[in-house]
Amino acid sequence: MDWEKLGLKMGLEIHQQLNTDHKLFCQCSTKLTDEEYNEIIERNLRPTQSELGKIDRAAFQESLKKSNFKYESFDYHTCLVESDDEPPHSLNKQALEISIIIGKLMNMHIVDEFHTMRKQVIDGSNTGGFQRTGLIATDGYLETPYGKVIIESLGLEEDAARRIKTTNEYTEFRLDRLGIPLVEITTDPSMHHPKQVQKVAYMIGQVLRSTNVKRGLGTIRQDLNISIAKGARVEIKGVQNLDLIPDIVENEVKRQLALIEIKNILNKRNAEVLDEIHDITKLFENTNSKILNNANTIKAIILKGFNGIIGKEIQPGRRFGSEIASYAKKRGVSGIFHSDELPAYGITKEEVIKVKKFLNIQKEDAFIIVAHDNDTAINALEEVKRRAKLGFKGVIEETRKSLDNGNTEYLRPLATANRMYLETDIPSFKINKKWINKIASNLPELQDEKKERIIKEYKLSEDLTNQLVRILESDRFEDILKDVKVDPTPVASLLAYDLRDIKREGYDINLLTNKHLKDIFTLFKDKKIAKDSIKKLTIATIQNPNEDIHKIAENNNLILLDSKDIEKIIDEIIVKNEDMIKERQMASIGPLMGIAMKKLKGKANGSAVNNIIQNKIQKLI
Amino acid sequence: MHPKHWVKAANLIADDISNGSDGVVVAHGTDTMHYTAAALSFMLETPVPIIITGAQRSSDRPSSDAHLNLINSVIAAKSNLSEVSVCMHGSLNDTYAYLHKGTKVRKMHTSRRDTFRSINYEPIAKIENNIMKINPHYEYIKRNEKELDINNSIEEKVGYIKSFPGISDEFIEYHIDKGYKGIVIEGTGLGHVPNVLINSLKRAKEEEIPVIMTSQCIYGRVNMNVYSTGREIIDSGVISGKDMTSETAYVKLCYVLGQTTDYKEVKELMNKNIAGEFNEKSSTKYFLN
Ligand SMILES: [Zn+2]
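These protein sequence lines are chains A and B, in that order. Per the numbering used here, numbering through the first sequence is continuous, rising by one, with the last residue being 809. Per the numbering used here, numbering through the second sequence is continuous, rising by one, with the last residue being 290.
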């Protein structure tokens, strides 16, 4: 596809949880929990008007669902702030500081004052019916291989509650995630190539991971804004895999092009969505279709001039009918039937003819059927009509959900500015210039830069360095090397790999201080212990954290013998094996090494032992 | 809410009722809702329900408790229970509300939705799924059982003192010197104050200024007979607030002093159950419910 000719424009919105000690507006932990909840709190939410007296269209659509919400609350893991039973406490300064670091790393201008706003969200994911959010920084940029990308804004906000399950009666959330500090980074919509978006998402991720942010599944979420010149802005939520971005973009552009084509056809055909909802339950009295047979009522509408349009593919494996169905599903039905796909699903050709005859429709017309109880079917068909009519407009501004195969599905209308208003429970917070300057003069190294520097400076392998930086052990590594001038590789491999094994074996590696590690590696540097003994000594240190390191090594027989003592032991072995040596000559080195190392295990280096044995044999024969 | 506003509210409600209202719902801020509820209970005799309600989460937020509270208040206002009561969330859930007797209710939490609790009592009704169930142990006044009557003269100059370990008699002396017409003392435990106050209490008696004793325990009944200091306090003319909340005792004293300035009559009225503010009988159910 010719992206430039299509006028493709894309922007990114990235959400990242911060690794703070407590939540943004209360003292609760930012760790998630899988413990059994202590209480369920049941709530409802209703849209409120903005200061200008308007109701946000996304909030309004949500409210039509009349949902009941249940919240899993914990006696000690969450508090009354999360359950919306206590006003928020004051702003978490640690979160503010991390946000300023991120802003500065992206060359942004930090605001003078942080104002907390309420962003209305009534899908239940926020107990208050709004998310608290505020602007931290504006007007930054990142240099990318595709040129400068403008970072429009950096916000600091609360994460939403975790959705646990959805049933027909209610949606259940867990309060543990609600209120975890989150930064929201928004680029301007000026990216023109899918690969560029992927690269920028990666680069922003790099910036984030060089600061104190949470790691692992679900701690970062990418949203994508896409439009083409003749289309409209669509926001795609929850892109998990960056490698999927080019597919998502391509599929969305295909969808927008197809919708534009549909619009042109419909207008040319003078097509029309008829308002009347027909009850056709009687026509299916003896049907073999299970779904229709089980339904209380079956209702249909007529789409004049739509024949062939509803079945038209707009994304790989998704038809215009899928778009219509996703609107209907928001009203509680599991799907729709349309004339372009029938006969199917147990509905016969004869039944289709019967319906067409009953509705009195022509060849170029289409119909859509919904089977459910009376009210749900009517509500769903109203949504079907609404979406079908939007077909005449081409592409609609929507928020869509990213699917695993690179496709997207309708979620809700794009939110409007009407959902933002001031949070009156929290005073504004002045950010003083001195603080910003202090932070700016002490910014962390970006992850990629750090890796490159460590490889160069310490001559470590790339694999070892990657692992060291990934598990956040590089600072400790450098601290040890600063004080103990020792071969860096064993230090890095203890930190990057062995510590994890030791932990897995059930030892509490938190008992290990940097001082312990420095003592261990000092012994190694001074050739008091063998390389193979480092892990053993580390475990022994965890078991006796207050003992002198030399004593620990001694008690565990890890201290290397000096060469005189080694010679003595070898001499004894040689005397005992004289016959064998005489018989096998130099070939006796192998068996002798075996006997010696068994005796000297952990107390002598193999190469030194080997040298001594060789010398002694040569003298003897 | 100044005591003046109680009078204004009582007048407006009485007007509404005499103009034909079959029930009244009063929207009120929550902080002083229980003071107003007690005041209206003393000032009004009503043939229709008078329900006071409000919200702990402001109505500008989607999660506001105002919605459930208002709907349930209207249900209560249409009911047969013709008294002044407070209708608020019964739990943290948006599922049911409780109706509390106007003289036996208190705000017990700074921010929770279920902040209002019946003190030394039980909720008099529960409203859930649009159905109101009256507590079967509660003998209520039925619709049109009473005729509308308003008695709205009150005394504003009533003092309210909390006793504490380091308190001195200056607190009482000050109120007497400044011309206060009555004093409520929130004592410790069963209704005690340090010995150092006895002389100032005796002076109040001599100057015929009624003093009512309540307890800062919030729950339980005042009983000054148990300890010797208590008996001295009684000898100083102090009147027991029984199981009234301190707030209700304060409002009642404002009301009673509005009816009469005669010391003996004040004492008599304070000991008379006017609007269900006392319970002679206690129950194990009446604590932290
Ligand atoms: Zn909390």
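Keep in mind that the hints are not guaranteed to be accurate.
Here chain B is said to cover these stretches of chain A; the calculated rule only asks that three of the stretch's residues, wherever they fall, bring their Cβ under 8 Å from a Cβ of chain B [what the hints assert, rightly or not]:
1) 267-276
2) 450-460
Label-pair distances were calculated between CB atoms; the ranges are [to be verified]:
3) A:Thr354 to B:Glu129: 22 to 30 Å
4) A:His297 to B:His110: 56 to 64 Å
5) A:Ile352 to B:Glu129: 20 to 28 Å
6) B:Met2 to A:Ile465: 26 to 34 Å
7) B:Val197 to A:Leu699: 56 to 64 Å
8) A:Asp561 to B:His110: 41 to 49 Å
9) A:Thr221 to B:Pro137: 57 to 65 Å
10) B:Met2 to A:Pro615: 21 to 29 Å
11) A:Ile352 to B:Asp23: 21 to 29 Å
12) B:Asn226 to A:Asp263: 38 to 46 Å
13) A:Glu538 to B:Glu129: 45 to 53 Å
14) A:Gln550 to B:Asp23: 58 to 66 Å
15) A:Glu585 to B:Asn130: 38 to 46 Å
Hints in this document: simulated from the structure, not taken from any laboratory. Even glycine gets a Cβ: it sits at the ideal position worked out from N, Cα and C.
Hints, verified against the model:
{"no.": "1", "hint": "267-276", "verdict": "holds (count 6)"}
{"no.": "2", "hint": "450-460", "verdict": "violated (count 0)"}
{"no.": "3", "hint": "A:Thr354 to B:Glu129: 22 to 30 Å", "verdict": "holds, 25 Å"}
{"no.": "4", "hint": "A:His297 to B:His110: 56 to 64 Å", "verdict": "violated, 43 Å"}
{"no.": "5", "hint": "A:Ile352 to B:Glu129: 20 to 28 Å", "verdict": "holds, 25 Å"}
{"no.": "6", "hint": "B:Met2 to A:Ile465: 26 to 34 Å", "verdict": "violated, 54 Å"}
{"no.": "7", "hint": "B:Val197 to A:Leu699: 56 to 64 Å", "verdict": "holds, 58 Å"}
{"no.": "8", "hint": "A:Asp561 to B:His110: 41 to 49 Å", "verdict": "holds, 42 Å"}
{"no.": "9", "hint": "A:Thr221 to B:Pro137: 57 to 65 Å", "verdict": "violated, 42 Å"}
{"no.": "10", "hint": "B:Met2 to A:Pro615: 21 to 29 Å", "verdict": "holds, 26 Å"}
{"no.": "11", "hint": "A:Ile352 to B:Asp23: 21 to 29 Å", "verdict": "violated, 45 Å"}
{"no.": "12", "hint": "B:Asn226 to A:Asp263: 38 to 46 Å", "verdict": "holds, 41 Å"}
{"no.": "13", "hint": "A:Glu538 to B:Glu129: 45 to 53 Å", "verdict": "holds, 52 Å"}
{"no.": "14", "hint": "A:Gln550 to B:Asp23: 58 to 66 Å", "verdict": "holds, 59 Å"}
{"no.": "15", "hint": "A:Glu585 to B:Asn130: 38 to 46 Å", "verdict": "holds, 39 Å"}
When held up to the earlier numbered hints, the structure conflicts with 2, 4, 6, 9 and 11 and fits the remainder.
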